[in-house]
Every structure is written in C-alpha cells, then in structure tokens.
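Student: Based on the hints, put chain B in the right spot on chain A.
Number of protein chains: 2
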Amino acid sequence: MEIKPVAYFRSPLPEKFGTPRQAGLAPSVPGEVRLAEGMAPEVLDGLEGFDRIWLIWGFSLNKGEGSPKVRPPRLGGNRRVGVFATRSPYRPNPLGLSTVKVVSVDVAKGIIHVLGADLVDGTPIYDIKPYIPYADSHPDAGAGFVDDNGWEPLEVVIPDSVSRDAKLKEEDITALRELLSLDPRPQYQDDPSREYGLSYKKINVRFRVEGRTLTVTSIDR
Amino acid sequence: MEIKPVAYFRSPLPEKFGTPRQAGLAPSVPGEVRLAEGMAPEVLDGLEGFDRIWLIWGFSLNKGEGSPKVRPPRLGGNRRVGVFATRSPYRPNPLGLSTVKVVSVDVAKGIIHVLGADLVDGTPIYDIKPYIPYADSHPDAGAGFVDDNGWEPLEVVIPDSVSRDAKLKEEDITALRELLSLDPRPQYQDDPSREYGLSYKKINVRFRVEGRTLTVTSIDR
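As given, the protein sequences belong to chains A and B, one line each in that order. Residues in the first sequence are numbered from 1 upward in steps of one, following the working numbering. Residues in the second sequence are numbered from 1 upward in steps of one, following the working numbering.
Derived by calculation from the structure, the hints in this document are not laboratory data. One thing to keep in mind: the hints can contain errors.
Each pair may be met inside one copy or between any two copies, as identical chains are not told apart.
[As the list claims (entries may be wrong)] As a list, the in silico SDA-like pairs of lysine to any residue whose alpha-carbon atoms are at most 25 Å apart:
1) K202 x P186
2) K101 x D140
3) K69 x S104
4) K69 x L97
5) K101 x E48
6) K101 x F17
7) K101 x P27
8) K101 x P133
9) K101 x P139
10) K109 x R34
11) K109 x G144
12) K202 x R10
13) K69 x Y8
14) K4 x N93
15) K4 x L61
16) K69 x V103
17) K109 x S67
18) K4 x P186
19) K4 x S60
20) K101 x Q22
21) K109 x F145
22) K101 x A143
23) K69 x H113
Bound conformation, chain A alone:
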C-alpha cells in the first residue's frame, strides 16, 4: 500500500539525539502538526473537542528494515527480543505511533498545537486520529520487560552562572530540564569527562553526566 504524508511535524528538536524515546516523557515540549499542501483544512474541524490525538508517523531518519530481533534500551542493550515486542524504530514498516496532548487547533491555518511529542522536526505524519479513552486507554495492561525494568530520571543541574547568561524563557528551561532528565546519552556510554551537545530550537546545550547527575556546562545560541 502506498501512503502519503497528510502533515509534517514542527519540533524544537532538530535531531534524533535528545528526542524522547516515547511520547509523553517530556510533557512540556511543544510542537506543531502542520497539514501537508493540498489537504483541505476542514479535515481538522471538531478536533478541538479532544484532549489528545494519535499520530501515525514515519521513522524518516531510518533506512532499511533492521533485523527480526532488537536490543531495547530498557533492557540495557543486553537482551534481544522480537521487533514486534518493542517500539524500536527499526521495524518492517517504519511506522511510529504516539499520542500527544492537544493545546489548540487552528483550523484556518491547518495547524494543531501539541505537547509531549517524541517526533523530530520535519517528521512526516500519515494519519491523525482522536484519542478515545473507552477504546484506547488500558491503564492496568501488563507491559512485559517495560514493567520489569523501570528507570529513574537523572537529576539535572543548571548552574546559576550558565542560566543567567543564556536568558532563556521559563518554558524553555522547563522543557530542557525534562529532556535532559531522560538521559539522552547513547546506551553503554558512562564517561563523566565526556561532553555532549543537545540542540533545542536555536540553542545548543552542552552537558556532562556523573552518576545520576547531569550538569549543564554551557548554553549557546
């Protein structure tokens, strides 16, 4: 089946590094679903009554199908499980599934303002559906190795000297704290002397991680 983008995602996150692994993990990160050219804006009529929507989107940065088994980060990269038992981006059809919070819908402009996405800037979106709790919400569903391997967010330290010079808006600091607490480092890396850089909007945030504490070393525009 041939599917075409119905919309594209605008995100403050221009690259995969730093983008959350699942929707909702960084609930303050804003984004926009913008209808693709040629889509009639009235496709969004009535959506403003819903608190949440589903996005079915494409892992556009990945090439190739990957293998039948993958190593989920939640298992520390040590155990291989079948790709359909994971949300891995390397799957037979590279489709992603995320629910995001609706902030507002601008039908005339064909834009949905949302919060909490795990989509990189520019991601193609293939479908938008309303979130319907009676069909979609199952809070008590057991979730295999996801349940058995919890994780704790990192403590994020932004020294006064760094934040003072950066002059960020309060909402950007909140979003950055959420993103950094998710530990954007690649698996297996645990070198406290190594410095990493995360891009957010036009900002570059540099940081180090020692133990469970992440310290921001600089914020540049």
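Tutor: Structure of chain B alone, referenced to chain A:
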C-alpha cells in the same frame, strides 16, 4: 512510502456488517494475528509478556479517499466533522488503529491469539506494537462528541427454541450477544419488521430490532 502487510487477521466475522466499530466493544470475540509469509517468527519473541498490543491495519474493503468531512455514527449521522476528528474508515490514508488483548503467542507458528478486535477476516496488518500504559493510557482524556453522545447497548433476546436447535458453544453465544448488543444495523434504519442477517464463523444469525430490544429469529449453519 510503500508499506507491506506483516500479518493478516483471522476473524469469525467475514464481513463488515456486524464487525464492531471500535476495538474492545465486543471483548469476547476471538481472533488471530498470523504473520505474513516471509516474516521470521522470532519477531514475536518477548511479546507474550504484554497484556495488550496495537495493530496498525488497512481498511482493505474501502476504495477511495473519501471527503474532508464525514458524518460519524455517534452523531446520528446528522453532523459533519473533519475526518481527522473521527475514526472513520474513509480517510486520506486508510489506516486503522486498534488495541487488542493478547491471549497467547505461538512464536513457532507465527500466531498471536487475541480478543476484542474490530477487524474483518483477512484484514492486512502493517505493524504490531506492544501496548505500554505509561505512554498509551490516558483514561481521563476528554473525547469531544464521543463523550457527549453516549449510547446504550441493545437488549439481546435469544428465544430458547432458537438457541436449543442451534447447539452453539457457550463462548460463541457470549461473543454473539456482545456483537448483537452493539446494534449492527445501518444508521437511519429503524424498521421493526425488517430482518437482518449477521455472519459469524459458519453461522448465519437472523434478527429483528424493535425499540431497544433485538430478538434473534433464527440461527442457521
């Protein structure tokens, strides 16, 4: 993007008539997700630890894109809303999204036994993902016109004379009662003299509806 079926659905429901409008509405209806030829069965390894999965599937019976606005059945067919504010099958990319309960996983045979699907027999499936409550479950999300327009199931009457002759298994009766209580009739039809027929496995169930009571008139093999 070109996507290919990774699996096909086996359902006791051979046609759209009688198939639930959403997943979970008929929780006792069984079904099987069978991997497509060429898929390595180990893609299912580890899935047995999850209570629920997502299926992303194709509305294979529908042709054409439909229009930007549709009349959801929940609004009695009277009001048109944007297609992305509905779960209508007539959408720009004909993708369906359903979560179903996992009963068991037969990795060797490449089969997932499930309950509660809203998929017709033979439906192509494009992705299978584990259900992860922390990302997917939002029980309190407001759902616009779906919240405002509740519906009540029909009362289903199967006269003793009819059920005695049919010699159905208990589980089939339970599933049929659920399916019939959802009122399979097309919108706008309310003719108590009209008889309808629902196919389930090799059974044909005939019924009439008067007011809020559905009465089964015959069950044939």
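Student: Confirm or reject each hint.
Tutor: Hint check:
1. Taking the closest pair of Cα atoms, K202 and P186 come within 25 Å of each other only inside a single copy of the chain (22 Å); across copies the shortest separation is 54 Å, beyond that limit.
2. For a Cα distance limit of 25 Å, the shortest separation of K101 from D140 qualifies both inside one copy, at 21 Å, and across copies, at 12 Å.
3. Proximity of K69 and S104 under a CA criterion of 25 Å is satisfied inter-copy only: 19 Å between copies versus 39 Å inside one chain copy.
4. Taking the closest pair of Cα atoms, K69 and L97 come within 25 Å of each other both inside a single copy (19 Å) and across two copies (24 Å).
5. Proximity of K101 and E48 under a CA criterion of 25 Å is satisfied intra-copy only: 11 Å inside one chain copy versus 30 Å between copies.
6. In this assembly of identical chains, K101 and F17 lie within 25 Å of each other by CA distance solely inside one copy; the values are 22 Å within and 34 Å between copies.
7. With identical chains, the CA atoms of K101 and P27 are at most 25 Å apart within one copy only, with a shortest distance of 8 Å there and 28 Å across copies.
8. In the homo-oligomer, the alpha carbons of K101 and P133 lie at most 25 Å apart both inside one protomer (13 Å) and across protomers (16 Å), since each shortest distance falls under that limit.
9. Taking the shortest alpha-carbon separations for K101 and P139, both the intra-copy value of 17 Å and the inter-copy value of 13 Å come in at or below 25 Å.
10. In this assembly of identical chains, K109 and R34 lie within 25 Å of each other by CA distance solely inside one copy; the values are 8 Å within and 42 Å between copies.
11. With identical chains, the CA atoms of K109 and G144 are at most 25 Å apart between copies only, with a shortest distance of 21 Å across copies and 42 Å within one.
12. In the homo-oligomer, the alpha carbons of K202 and R10 lie at most 25 Å apart inside one protomer (14 Å), although the nearest pairing across protomers, at 50 Å, exceeds that limit.
13. In this assembly of identical chains, the alpha carbons of K69 and Y8 lie at most 25 Å apart only when taken from different copies (20 Å versus 30 Å within one copy).
14. Taking identical chains as interchangeable, the C-alpha atoms of K4 and N93 lie at most 25 Å apart whether they share a chain (14 Å) or sit on different chains (7 Å).
15. Within a single copy, K4 and L61 get their C-alpha atoms as close as 16 Å, and across copies as close as 19 Å, so both meet the 25 Å cut-off.
16. Taking CA atoms no more than 25 Å apart as the test, K69 paired with V103 passes between copies only; the shortest distance there is 22 Å, against 37 Å inside one copy.
17. Proximity of K109 to S67 under the C-alpha cut-off of 25 Å is restricted to the inter-copy arrangement: shortest distance 19 Å between copies versus 41 Å within a copy.
18. Taking the shortest alpha-carbon separations for K4 and P186, neither the intra-copy value of 32 Å nor the inter-copy value of 31 Å comes in at or below 25 Å.
19. Taking CA atoms no more than 25 Å apart as the test, K4 paired with S60 passes in both settings, with 13 Å inside one copy and 16 Å between copies.
20. In this assembly of identical chains, the alpha carbons of K101 and Q22 lie at most 25 Å apart whether taken from the same copy (13 Å) or from different copies (21 Å).
21. With identical chains, the CA atoms of K109 and F145 are at most 25 Å apart between copies only, with a shortest distance of 23 Å across copies and 42 Å within one.
22. Taking the closest pair of Cα atoms, K101 and A143 come within 25 Å of each other both inside a single copy (22 Å) and across two copies (12 Å).
23. Only between protomers do K69 and H113 lie at most 25 Å apart by alpha-carbon distance; the minimum there is 21 Å, versus 36 Å within a single protomer.
Hint violations for this structure: number 18 only, all remaining hints satisfied.
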